[in-house]
Amino acid sequence: MEGEARPGPYRATRLWNEITRYFRAGMPLRKHRQRFKKHGSCFTASEAVDWLHEVLRSNSNFGPEVSRQQTVQLLRKFLKNHVIEDIKGRWGSEDLEDNGVLYRFPSTSPVKPLPSSCREKENLETFSRDKERLFKLPHLSRRTVKKHELLDSLENLEKTEPDITKENKEDVLHRKEISQEYVQEIWRNIILIHLQTILGLPSLEEVLQPAQIVPEYVIYNMTNTSKHGVVILQNKSEDLPHWVLSAMKCLAYWPRNNDVNQPTYSGFERDVFRTVADYFLNLPEPLLTFEYYELFVNILDLLQPHLERIAVEALQICCLLLPPPNRRKMQLLMRMISRISENVDMPRLHDAMGTRSLMIQTFSRCVLCCAEEVDLDELLSTRLVSFLMDHQQEIFKVPTYLQVAVQDHIEYVRMAQGKYPREEICAILPTYSYCKQITPQEFEEQKVSTSQAAVAELLENIIKDKNLSVKDKKKKLKQFQKEYPLIYQNRFPTTENEAMLFENKPTIKQPMLSLRKPKFRSLRY
Numbered sequence: 001m002e003g004e005a006r007p008g009p010y011r012a013t014r015l016w017n018e019i020t021r022y023f024r025a026g027m028p029l030r031k032h033r034q035r036f037k038k039h040g041s042c043f044t045a046s047e048a049v050d051w052l053h054e055v056l057r058s059n060s061n062f063g064p065e066v067s068r069q070q071t072v073q074l075l076r077k078f079l080k081n082h083v084i085e086d087i088k089g090r091w092g093s094e095d096l097e098d099n100g101v102l103y104r105f106p107s108t109s110p111v112k113p114l115p116s117s118c119r120e121k122e123n124l125e126t127f128s129r130d131k132e133r134l135f136k137l138p139h140l141s142r143r144t145v146k147k148h149e150l151l152d153s154l155e156n157l158e159k160t161e162p163d164i165t166k167e168n169k170e171d172v173l174h175r176k177e178i179s180q181e182y183v184q185e186i187w188r189n190i191i192l193i194h195l196q197t198i199l200g201l202p203s204l205e206e207v208l209q210p211a212q213i214v215p216e217y218v219i220y221n222m223t224n225t226s227k228h229g230v231v232i233l234q235n236k237s238e239d240l241p242h243w244v245l246s247a248m249k250c251l252a253y254w255p256r257n258n259d260v261n262q263p264t265y266s267g268f269e270r271d272v273f274r275t276v277a278d279y280f281l282n283l284p285e286p287l288l289t290f291e292y293y294e295l296f297v298n299i300l301d302l303l304q305p306h307l308e309r310i311a312v313e314a315l316q317i318c319c320l321l322l323p324p325p326n327r328r329k330m331q332l333l334m335r336m337i338s339r340i341s342e343n344v345d346m347p348r349l350h351d352a353m354g355t356r357s358l359m360i361q362t363f364s365r366c367v368l369c370c371a372e373e374v375d376l377d378e379l380l381s382t383r384l385v386s387f388l389m390d391h392q393q394e395i396f397k398v399p400t401y402l403q404v405a406v407q408d409h410i411e412y413v414r415m416a417q418g419k420y421p422r423e424e425i426c427a428i429l430p431t432y433s434y435c436k437q438i439t440p441q442e443f444e445e446q447k448v449s450t451s452q453a454a455v456a457e458l459l460e461n462i463i464k465d466k467n468l469s470v471k472d473k474k475k476k477l478k479q480f481q482k483e484y485p486l487i488y489q490n491r492f493p494t495t496e497n498e499a500m501l502f503e504n505k506p507t508i509k510q511p512m513l514s515l516r517k518p519k520f521r522s523l524r525y
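Residues in the sequence shown are numbered consecutively from 1, following UniProt numbering.
Any given hint could turn out to be false.
No more than 20 Å apart at the CA atoms, straight line, and that leaves these computed lysine to aspartate or glutamate pairs for EDC-like [what the hints assert, rightly or not]:
#, residue 1, residue 2
1, Lys397, Glu378
2, Lys249, Glu216
3, Lys77, Glu18
4, Lys77, Glu457
5, Lys80, Glu97
6, Lys471, Glu496
7, Lys471, Glu460
8, Lys249, Glu342
9, Lys249, Glu238
10, Lys397, Glu216
11, Lys478, Glu460
12, Lys38, Asp86
13, Lys31, Glu65
14, Lys80, Asp95
15, Lys88, Glu65
16, Lys38, Glu18
17, Lys80, Glu294
18, Lys227, Asp239
19, Lys37, Glu18
20, Lys38, Glu54
21, Lys80, Glu378
22, Lys482, Glu498
23, Lys227, Glu206
24, Lys236, Glu206
It is worth saying that the hints were derived from the structure and are not from the lab.
Computed from a predicted model, the values in this text were never measured in an experiment.
Working from the sequences, and respecting the hints, build out all of it.
So, in structure tokens, the structure goes:
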């Protein structure tokens with residue numbers, strides 16, 4: 001199932017369909033006896049939990065943070081949506097426990113229809129005509145319209161005022177170029193280009209609309225920050241309440257920041273944690289907002305070890321799009337739960353659950369969820385919160401390269417207008433040059449092959465290093481074999497190949513080897 005749910009619109013629904021198909025195809029079925037009666041091609045609830053839990057933990061879309069209880073909840077969704085039914089054919093409820101009750105697969109398909117399928121059928125006749133538009137950024141067509149409008153206005157200006165001087169015309173164009181609206185449009189363009197490139201999508205139309213990008217939010221989030229990079233709000237009424245901030249600070253710096261004047265009793269830290277959790281869980285919408293649900297769900301495909309840097313870059317940009325109050329709350333929440341998880345002095349906050357798992361399970365729903373309930377919401381949000389918590393420092397750093405890109409583009413437009421005064425308006429469109437685009441699969445193959453070649457070169461350097469003693473060389477090779485077993489095996493397919501590197505050295509000193517048995521000469525003459 002790894003990587004089958006391709007990025008794009010309605011990814012949660014696609015992922016649901018892939019899981020249900022994989023579950024139906026891979027879940028082992030066998031005969032079971034229940035109340036003196038044999039039932040064929042079925043499975044117990046516990047068997048389903050065991051099998052599905054292992055699959056979810058090993059899948060990059062969900063990760064090892066998936067708990068057994070979450071797997072049970074997903075199976076309950078399966079029962080509710082008729083992916084499975086009990087041995088008597090009953091379904092529709094969520095009455096499923098981790099026990100020996102028998103279940104089976106129905107004959108009907110569990111696949112959910114995609115919301116866009118109906119529109120695709122209705123627009124089948126116009127698809128070929130609009131196909132080219134789908135593979136362009138939406139803002140390009142909008143800018144083209146504005147471009148023609150500006151050109152028309154300039155033509156009218158030249159007809160009505162033929163005596164206008166060249167200097168005045170350049171001044172008018174210059175004012176248009178540096179207007180606030182123009183700068184905001186550049187921000188939208190650059191953010192869309194970066195996100196489309198990172199996500200590897202032919203179009204962002206159904207994932208992120210240009211109107212959803214508010215440049216004022218982006219600029220505010222990049223410029224109004226504390227020395228620690230946390231957003232500072234001008235309107236304090238939008239900030240966290242003082243009592244919530246105090247509670248979060250108390251937990252984040254426990255026990256150092258625990259005020260001696262505060263009441264301390266057994267279970268005090270649990271009450272403080274429950275206070276913070278209740279506040280965030282009662283917010284009217286998740287911190288990542290309903291509006292950006294599809295965008296963040298598509299980033300989940302990047303949460304894999306070899307794509308970690310790309311995922312961090314994508315989340316850096318996406319978190320800049322949030323309203324400043326949401327970004328500030330996200331920053332403070334991630335900093336708090338990260339500190340709590342790493343704090344060895346923090347008492348247990350739950351009797352049956354580890355601190356890290358408790359943080360993820362508690363706050364996942366208040367970080368990411370859909371306005372309309374999606375069956376995979378909890379698993380998807382758990383995976384995202386786990387990654388956010390581990391990389392919160394990098395993700396909430398301000399990506400200065402975006403600001404540099406905007407400044408470079410404005411500078412380019414100014415230079416182009418000075419050089420080609422009659423082609424100023426054409427320079428409004430993005431003028432970036434890109435290398436030949438490759439598919440995500442080709443990118444991954446090149447990435448793996450390049451990294452493997454570098455590691456293989458490292459192995460050769462260890463082998464050929466004459467300054468290393470035999471003992472140190474063996475130690476380094478053993479460590480290399482542990483870290484990169486496949487590359488090591490390719491270099492040394494057999495033990496004989498490895499032995500040739502270390503020829504058996506004689507244990508007797510070299511001078512003694514030259515001693516030969518003397519030849520006895522005959523006494524006869």
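Hints violated by the structure (numbers, ascending)
Failing hints, ascending: 1, 2, 4, 13, 15, 16, 17, 19, 20, 23, 24.
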